[in-house]
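Asker: In order, the protein sequences belong to chains A and B. In terms of this note's numbering, the first sequence has 431 at position 428, counting the first letter as 1, and numbering is strictly consecutive. In terms of this note's numbering, the second sequence has 265 at position 262, counting the first letter as 1, and numbering is strictly consecutive.
Hints are all accurate, no fakes.
In this list, chains with the same sequence are indistinguishable; a pair is considered to hold if it fits within one copy or across any two.
Below, simulated DSS-like cross-link-like pairs (lysine-lysine); rule was C-alpha separation at most 25 Å, straight line:
id, residue 1, residue 2
1, Lys340, Lys5
2, Lys341, Lys5
3, Lys331, Lys5
4, Lys5, Lys125
No lab work stands behind these hints: they were computed from the structure.
As a plain string of letters, each chain reads:
2 protein chains.
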Amino acid sequence: MKMTVGIALVGCGTVGGATALLLQEQRDSIRFRTGVDLDLRYIVDKNLTYARKLGLSESILTESLEKALSDSKVSVVIELVGGTGFAKTLILQAFAAGKHVVTANKALLAYHGPELFAAAKKAEVALAFEASCGGGIPIVRAFYDGLTANTIDAVYGIVNGTCNHILSEMIQKDSTYDEALKGAQAAGFAEADPSLDVNGGDSAHKIAIMGAMAFGSPIPLDTIPVKGIANLEAEDVLFGGEMGYVVKLIASAVRGKKGVFVRVEPAFIPMDHPLAWVSGSFNAISVYGSAVGHTMYYGRGAGGTPTASAVVSDIISLGLGTYPVQFKSMDFWNPDKKPLKLQEPGDIHRRYYLKLRVLDRPGNLGRITTVLGENAISVSSILQHEIPEATDGEVLENTPPEAGVIEPTVPIVITTHRVKESQLLSAIEDIEALEDVYPGTTVLPILEEHPEFRYLNT
Amino acid sequence: MKMTVGIALVGCGTVGGATALLLQEQRDSIRFRTGVDLDLRYIVDKNLTYARKLGLSESILTESLEKALSDSKVSVVIELVGGTGFAKTLILQAFAAGKHVVTANKALLAYHGPELFAAAKKAEVALAFEASCGGGIPIVRAFYDGLTANTIDAVYGIVNGTCNHILSEMIQKDSTYDEALKGAQAAGFAEADPSLDVNGGDSAHKIAIMGAMAFGSPIPLDTIPVKGIANLEAEDVLFGGEMGYVVKLIASAVRGKKGVFVRVEPAFIPMDHPLAWVSGSFNAISVYGSAVGHTMYYGRGAGGTPTASAVVSDIISLGLGTYPVQFKSMDFWNPDKKPLKLQEPGDIHRRYYLKLRVLDRPGNLGRITTVLGENAISVSSILQHEIPEATDGEVLENTPPEAGVIEPTVPIVITTHRVKESQLLSAIEDIEALEDVYPGTTVLPILEEHPEFRYLNT
Chain A
4 MKMTVGIALV GCGTVGGATA LLLQEQRDSI RFRTGVDLDL RYIVDKNLTY ARKLGLSESI
64 LTESLEKALS DSKVSVVIEL VGGTGFAKTL ILQAFAAGKH VVTANKALLA YHGPELFAAA
124 KKAEVALAFE ASCGGGIPIV RAFYDGLTAN TIDAVYGIVN GTCNHILSEM IQKDSTYDEA
184 LKGAQAAGFA EADPSLDVNG GDSAHKIAIM GAMAFGSPIP LDTIPVKGIA NLEAEDVLFG
244 GEMGYVVKLI ASAVRGKKGV FVRVEPAFIP MDHPLAWVSG SFNAISVYGS AVGHTMYYGR
304 GAGGTPTASA VVSDIISLGL GTYPVQFKSM DFWNPDKKPL KLQEPGDIHR RYYLKLRVLD
364 RPGNLGRITT VLGENAISVS SILQHEIPEA TDGEVLENTP PEAGVIEPTV PIVITTHRVK
424 ESQLLSAIED IEALEDVYPG TTVLPILEEH PEFRYLNT
Chain B
4 MKMTVGIALV GCGTVGGATA LLLQEQRDSI RFRTGVDLDL RYIVDKNLTY ARKLGLSESI
64 LTESLEKALS DSKVSVVIEL VGGTGFAKTL ILQAFAAGKH VVTANKALLA YHGPELFAAA
124 KKAEVALAFE ASCGGGIPIV RAFYDGLTAN TIDAVYGIVN GTCNHILSEM IQKDSTYDEA
184 LKGAQAAGFA EADPSLDVNG GDSAHKIAIM GAMAFGSPIP LDTIPVKGIA NLEAEDVLFG
244 GEMGYVVKLI ASAVRGKKGV FVRVEPAFIP MDHPLAWVSG SFNAISVYGS AVGHTMYYGR
304 GAGGTPTASA VVSDIISLGL GTYPVQFKSM DFWNPDKKPL KLQEPGDIHR RYYLKLRVLD
364 RPGNLGRITT VLGENAISVS SILQHEIPEA TDGEVLENTP PEAGVIEPTV PIVITTHRVK
424 ESQLLSAIED IEALEDVYPG TTVLPILEEH PEFRYLNT
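Could you put together the complete structure from these sequences and hints?
Answerer: See the structure below:
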């Protein structure tokens with residue numbers, strides 16, 4: 004059994020270059036192991052400097068997408084251009100030319116997944132996207148193949164290596180966010196413009212994809228509450244650590260009684276939580292299935308060859324003919340389907356970490372806990388530190404009033420038992436209305452490990 | 004697209020019962036999500052008491068395998084009988100009747116994988132075995148699908164939940180092996196006869212399967228060095244812990260320069276090693292691929308519904324028609340292939356933990372380190388504890404000679420730098436020949452995290 008797959012690779016940057024090299028280096032090995040012969044016929048890019056620098060064969064380099072698409076021997080087009088403009092056009096062109104497409108483009112899928120799926124199905128070709136979530140981790144396959152016997156209860160992912168690298172540095176080296184970001188940029192773990200990573204946008208793309216696969220319907224990107232890590236204070240990382248928590252940027256999609264909660268947010272998790280040890284630029288995704296319980300998938304979520312690993316495994320599955328069948332059975336991005344019913348974000352119940360900024364005057368702690376009590380919020384722990392340093396303005400004690408702020412605020416850290424988020428936020432409004440409490444309370448959820456086997460009991 | 008799969012389930016014990024229930028409960032959901040309708044037509048067992056206790060429909064219960072195999076509507080037979088006798092016969096019968104087979108039977112595959120593969124291929128049916136390694140974790144799929152773009156460098160697994168539960172108890176509660184085993188039996192995590200688990204045999208079955216998939220050729224079970232956990236001393240767990248290590252039963256298959264090392268053994272791993280946090284009855288398997296680097300897969304390695312999750316996902320893949328194609332492309336258990344070339348066990352290079360039992364007399368430490376030096380073994384650390392309690396016989400200091408042993412031995416713990424195992428074992432022979440050194444030195448390997456990207460550099 005030998006099958007030859009003619010390939011056109013479009014976009015020769017970091018991932019494209021690594022994919023081309025992998026296709027070359029592993030061609031014989033892959034043919035030997037799987038029976039599929041991967042014939043890279045074109046590398047298409049407007050700028051071929053990098054392709055030449057890698058020493059890729061001149062005969063397959065071209066600036067002409069048309070040339071590649073019109074070759075009847077090409078059956079798979081790899082889209083590694085990125086972005087949601089030309090990438091989309093070229094994928095639709097490839098479909099129209101009867102080619103399967105492999106992409107690593109999470110943004111494009113998160114925005115236009117249903118439209119692209121419909122176009123592929125109409126053209127009777129397949130769109131493969133293992134590389135779009137979790138880099139080289141075969142997580143997309145877990146949803147469409149490995150865990151098909153399960154109703155999925157929950158997905159929790161650390162899916163942005165840049166953020167995880169920055170947070171790991173903050174945790175391990177007591178760095179501020181700005182210091183850690185600069186370090187990440189110097190080490191090549193963060194882009195010069197890191198905004199899409201650190202603002203949580205990239206994680207939102209991935210949870211939009213994984214959540215749709217897990218729960219069977221499209222999740223419009225604009226319905227996902229997203230909070231990034233740029234405002235995270237070193238002090239909170241420290242205080243959380245003292246209480247046995249580490250902070251991670253968590254993208255989650257969790258089935259609740261009345262719908263699904265999907266969000267991206269920095270959250271505290273206990274140090275013995277299965278995601279707590281995931282450090283540096285690695286990714287990990289926990290999936291809770293009704294039958295299998297907790298499963299977790301770990302690996303490099305970005306980078307040239309890890310992403311190329313996912314891209315090439317998709318091409319092999321297309322060559323074997325297995326993925327086209329699996330793709331046909333995928334219905335979660337059917338544009339005729341109603342988007343997934345998401346719960347009101349405020350309806351979520353969980354524990355929280357609060358850091359209030361309060362003037363250090365007698366009675367304040369009592370007044371605050373009274374407001375919490377009136378709002379039926381049960382306190383788990385309270386921690387008032389001695390003032391490490393002034394936190395509001397250039398504050399010195401015993402300076403005269405005319406010098407500006409004359410009293411420092413102290414951080415009061417409170418952890419709650421499980422509480423409805425809307426109830427908590429309303430209580431914080433009441434607390435911040437107290438005379439000695441400053442605005443800008445830090446609110447971070449505390450995620451306990453998700454319970455297994457919520458639905459099936461055997 | 005709707006496909007109906009007629010199923011005969013043979014062997015209704017813990018996993019069989021859970022599989023039957025899962026097939027019932029998830030039938031509509033699976034048909035809706037995948038287009039495959041799973042029609043459980045027969046539950047075959049000589050003793051149907053448990054099936055009746057679960058309330059499974061009387062109309063599908065039968066003692067007659069022949070009845071099930073002769074039904075032309077049955078296309079998939081699930082073998083959950085266990086063992087290597089009747090299970091093998093029934094699988095061959097099922098193949099002869101033109102049925103695909105799904106099995107969770109690691110022992111059978113480890114002993115007879117090549118023969119069963121050949122029989123399936125001859126009958127033009129498929130043998131699916133996701134449930135044979137790592138329970139519900141989709142690890143078998145990682146090898147035949149998710150990581151196909153990679154040459155596999157190494158596999159390290161914690162693949163026996165009973166052992167991992169016992170070791171976790173020893174670590175966390177300072178228990179002895181016997182105490183932890185009894186606790187595991189009481190909690191249902193160990194069988195009344197736990198020998199196949201604790202002697203490493205079950206782990207050997209799984210690494211024989213995963214190693215063959217990873218490296219492309221059969222691994223005869225009797226070529227794998229196997230050491231279990233039954234002789235592990237609480238003292239070593241404690242001493243290792245003091246040095247920052249945890250002990251795990253590790254099944255590994257690692258590509259070396261001249262061949263592959265495959266073994267099962269208790270080993271120390273650093274506390275920040277990616278497998279160190281895997282506690283209790285969970286399993287985890289690390290796979291290092293040439294392109295993807297380190298990936299890891301975690302979940303429940305045993306138990307009714309987790310294993311059923313893997314079994315049912317295999318049936319769905321058979322129903323879709325994807326697995327038969329993937330099975331055809333699998334060649335690692337081709338009986339015409341030479342078994343995998345394994346390196347001489349003694350050729351392996353790594354770090355070691357030694358605990359010597361030595362009479363507490365002046366000069367002994369010097370004599371021991373001299374022997375190590377003469378054998379070109381470089382010492383990383385030495386730890387001589389004050390005697391916690393007598394370790395050899397009922398020893399009391401200052402008792403008269405006629406009372407028996409009059410001097411206690413002290414445990415001297417030495418960790419080495421990387422050394423060839425055969426060289427180390429020969430040095431230990433020399434050391435145990437010294438006058439004051441007792442036999443029975445504890446030797447445990449220290450496994451550092453495997454390096455990523457040994458072969459491909461981009």
